[in-house]
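Starting from the given sequences, assemble the full structure and let the hints guide the process.
Using our numbering, the first residue of the sequence shown is number 2, and each one after it goes up by one.
Please note: incorrect hints may appear among the correct ones.
Unchecked claim - Under the rule of at most 20 Å between Cα atoms (straight-line distance), these lysine to aspartate or glutamate pairs were calculated in the EDC-like manner:
{"#": "1", "residue 1": "13", "residue 2": "48"}
{"#": "2", "residue 1": "10", "residue 2": "48"}
{"#": "3", "residue 1": "13", "residue 2": "37"}
{"#": "4", "residue 1": "67", "residue 2": "57"}
{"#": "5", "residue 1": "12", "residue 2": "57"}
As the list claims (entries may be wrong) - Listed next, with one range per pair, are the computed distances between beta-carbon atoms:
{"#": "6", "residue 1": "55", "residue 2": "2", "range": "33 to 39 Å"}
{"#": "7", "residue 1": "6", "residue 2": "72", "range": "27 to 33 Å"}
{"#": "8", "residue 1": "4", "residue 2": "61", "range": "43 to 49 Å"}
{"#": "9", "residue 1": "66", "residue 2": "3", "range": "25 to 31 Å"}
{"#": "10", "residue 1": "41", "residue 2": "10", "range": "14 to 20 Å"}
{"#": "11", "residue 1": "52", "residue 2": "2", "range": "18 to 24 Å"}
{"#": "12", "residue 1": "2", "residue 2": "64", "range": "45 to 51 Å"}
{"#": "13", "residue 1": "71", "residue 2": "22", "range": "34 to 40 Å"}
{"#": "14", "residue 1": "24", "residue 2": "65", "range": "21 to 27 Å"}
{"#": "15", "residue 1": "7", "residue 2": "69", "range": "49 to 55 Å"}
{"#": "16", "residue 1": "69", "residue 2": "4", "range": "53 to 59 Å"}
{"#": "17", "residue 1": "68", "residue 2": "27", "range": "20 to 26 Å"}
{"#": "18", "residue 1": "63", "residue 2": "26", "range": "42 to 48 Å"}
{"#": "19", "residue 1": "22", "residue 2": "61", "range": "18 to 24 Å"}
Everything labelled a hint here was simulated from the structure, so no lab data went into it.
Remember, it's a predicted structure, so these values are computed and weren't measured experimentally.
For each residue, glycine too, the CB sits at the ideal point set by N, CA and C.
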Amino acid sequence: MTCEEEIQKYKKLIQEDQIYTFFNGLGDQFDQARRDILQQTPLPSIEQAFAQVYRENTRRTMMMEKEARDSFGLLTKGRDRN
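Right, dumping it as C-alpha coordinates:
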(Lines of atoms letter the chains of each structure in order from A; the text may use other names.)
(Lines give C-alpha, C1' and ligand atoms only; values in the text may rest on other atoms or scores of the structure.)
Protein backbone atom coordinates (compact mmCIF):
# COMPACT_ATOMS: atom_id res chain seq x y z
CA MET A 2 0.00 0.00 0.00
CA THR A 3 1.32 3.40 -0.90
CA CYS A 4 1.50 6.46 1.26
CA GLU A 5 -1.15 8.19 -0.88
CA GLU A 6 -3.60 5.31 -0.34
CA GLU A 7 -3.00 5.49 3.40
CA ILE A 8 -3.64 9.24 3.37
CA GLN A 9 -6.92 8.75 1.52
CA LYS A 10 -8.04 6.06 3.99
CA TYR A 11 -7.17 8.33 6.90
CA LYS A 12 -9.09 11.26 5.37
CA LYS A 13 -12.11 9.00 4.87
CA LEU A 14 -11.99 7.89 8.52
CA ILE A 15 -11.80 11.50 9.71
CA GLN A 16 -14.70 12.46 7.46
CA GLU A 17 -16.85 9.61 8.79
CA ASP A 18 -15.97 10.56 12.35
CA GLN A 19 -17.04 14.15 11.67
CA ILE A 20 -20.40 12.99 10.32
CA TYR A 21 -21.04 10.72 13.31
CA THR A 22 -20.08 13.51 15.72
CA PHE A 23 -22.47 15.85 13.89
CA PHE A 24 -25.26 13.25 14.10
CA ASN A 25 -24.72 12.86 17.85
CA GLY A 26 -25.70 16.50 18.29
CA LEU A 27 -28.91 16.23 16.28
CA GLY A 28 -32.30 15.79 17.88
CA ASP A 29 -34.61 12.85 17.26
CA GLN A 30 -36.64 14.87 14.75
CA PHE A 31 -33.80 14.37 12.26
CA ASP A 32 -33.74 10.57 12.45
CA GLN A 33 -35.02 10.21 8.88
CA ALA A 34 -32.44 12.63 7.49
CA ARG A 35 -29.76 10.78 9.47
CA ARG A 36 -30.85 7.43 8.00
CA ASP A 37 -30.97 8.86 4.48
CA ILE A 38 -27.43 10.18 4.77
CA LEU A 39 -26.03 6.99 6.26
CA GLN A 40 -27.49 4.94 3.39
CA GLN A 41 -25.52 6.92 0.82
CA THR A 42 -22.49 5.19 -0.63
CA PRO A 43 -19.97 6.65 -0.28
CA LEU A 44 -20.88 8.78 2.69
CA PRO A 45 -21.18 12.45 1.76
CA SER A 46 -18.79 15.06 3.07
CA ILE A 47 -19.61 16.78 6.35
CA GLU A 48 -20.59 19.86 4.34
CA GLN A 49 -23.03 17.86 2.21
CA ALA A 50 -24.50 16.13 5.27
CA PHE A 51 -24.96 19.48 7.01
CA ALA A 52 -26.63 20.94 3.91
CA GLN A 53 -29.05 18.01 3.73
CA VAL A 54 -30.01 18.36 7.40
CA TYR A 55 -30.29 22.14 7.00
CA ARG A 56 -32.67 21.70 4.04
CA GLU A 57 -34.78 19.30 6.09
CA ASN A 58 -34.91 21.76 8.97
CA THR A 59 -35.92 24.57 6.61
CA ARG A 60 -38.63 22.38 5.08
CA ARG A 61 -40.01 21.49 8.51
CA THR A 62 -39.98 25.11 9.65
CA MET A 63 -41.82 26.23 6.54
CA MET A 64 -44.42 23.47 6.91
CA MET A 65 -45.01 24.38 10.55
CA GLU A 66 -45.42 28.06 9.66
CA LYS A 67 -47.86 27.16 6.87
CA GLU A 68 -49.87 24.97 9.22
CA ALA A 69 -49.97 27.77 11.79
CA ARG A 70 -51.14 30.26 9.16
CA ASP A 71 -53.76 27.82 7.88
CA SER A 72 -55.01 27.16 11.41
CA PHE A 73 -55.15 30.85 12.18
CA GLY A 74 -56.97 31.50 8.91
CA LEU A 75 -59.54 28.83 9.69
CA LEU A 76 -60.13 30.27 13.15
CA THR A 77 -60.67 33.79 11.89
CA LYS A 78 -62.96 32.63 9.07
CA GLY A 79 -65.06 30.70 11.57
CA ARG A 80 -65.43 33.77 13.76
CA ASP A 81 -66.55 35.93 10.84
CA ARG A 82 -69.49 33.63 10.19
CA ASN A 83 -71.01 34.09 13.63
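* Taking the CB of residue 4 and the CB of residue 61, does the distance hold inside 43 to 49 Å? -> With a Cβ separation near 45 Å, residue 4 and residue 61 satisfy 43 to 49 Å, so the hint holds.
* 20 Å Cα cutoff - pair residue 13, residue 37 -> Given pair residue 13, residue 37 holds - Cα atoms ~19 Å apart, limit 20 Å.
* For residue 63 and residue 26, compare the CB-CB distance with the range 42 to 48 Å and indicate the outcome. => At 23 Å between Cβs, range violated.
* Range hint compliance [Cβ, residue 69 to residue 4, 53 to 59 Å] -> holds (57 Å)
* Indicate whether the distance between the beta carbons of residue 52 and residue 2 respects the range 18 to 24 Å. => violated (33 Å)
* Asked: Is it true that the C-beta distance of residue 71 to residue 22 lies inside 34 to 40 Å, as the hint says?
  -> holds (38 Å)
* Evaluate the given range 21 to 27 Å for the C-beta pair formed by residue 24 and residue 65. => For residue 65 against residue 24, whose Cβ atoms are near 23 Å apart, the range 21 to 27 Å holds.
* For the pair supplied as a hint, residue 12 and residue 57, is the alpha-carbon distance within the 20 Å limit? -> Measuring from Cα to Cα gives roughly 27 Å; hence the hint is violated.
* Using the beta carbons of residue 68 and residue 27, state whether their distance is inside 20 to 26 Å or not. => 22 Å Cβ-Cβ, so the 20 to 26 Å window holds.
* Consistency of beta-carbon spacing, residue 2 to residue 55, with hint 33 to 39 Å -> holds (37 Å)
* CB of residue 66 to CB of residue 3, is that within 25 to 31 Å? -> With a Cβ separation near 53 Å, residue 66 and residue 3 fall outside 25 to 31 Å, so the hint is violated.
* To do: Measure nothing beyond the straight line between the CA atoms of residue 13 and residue 48; if it is 20 Å or shorter, mark the hint as holding.
  => Status holds; Cα separation ~14 Å.
The structure fails hints 5, 7, 9, 11 and 18 (numbered hints given earlier, in ascending order).
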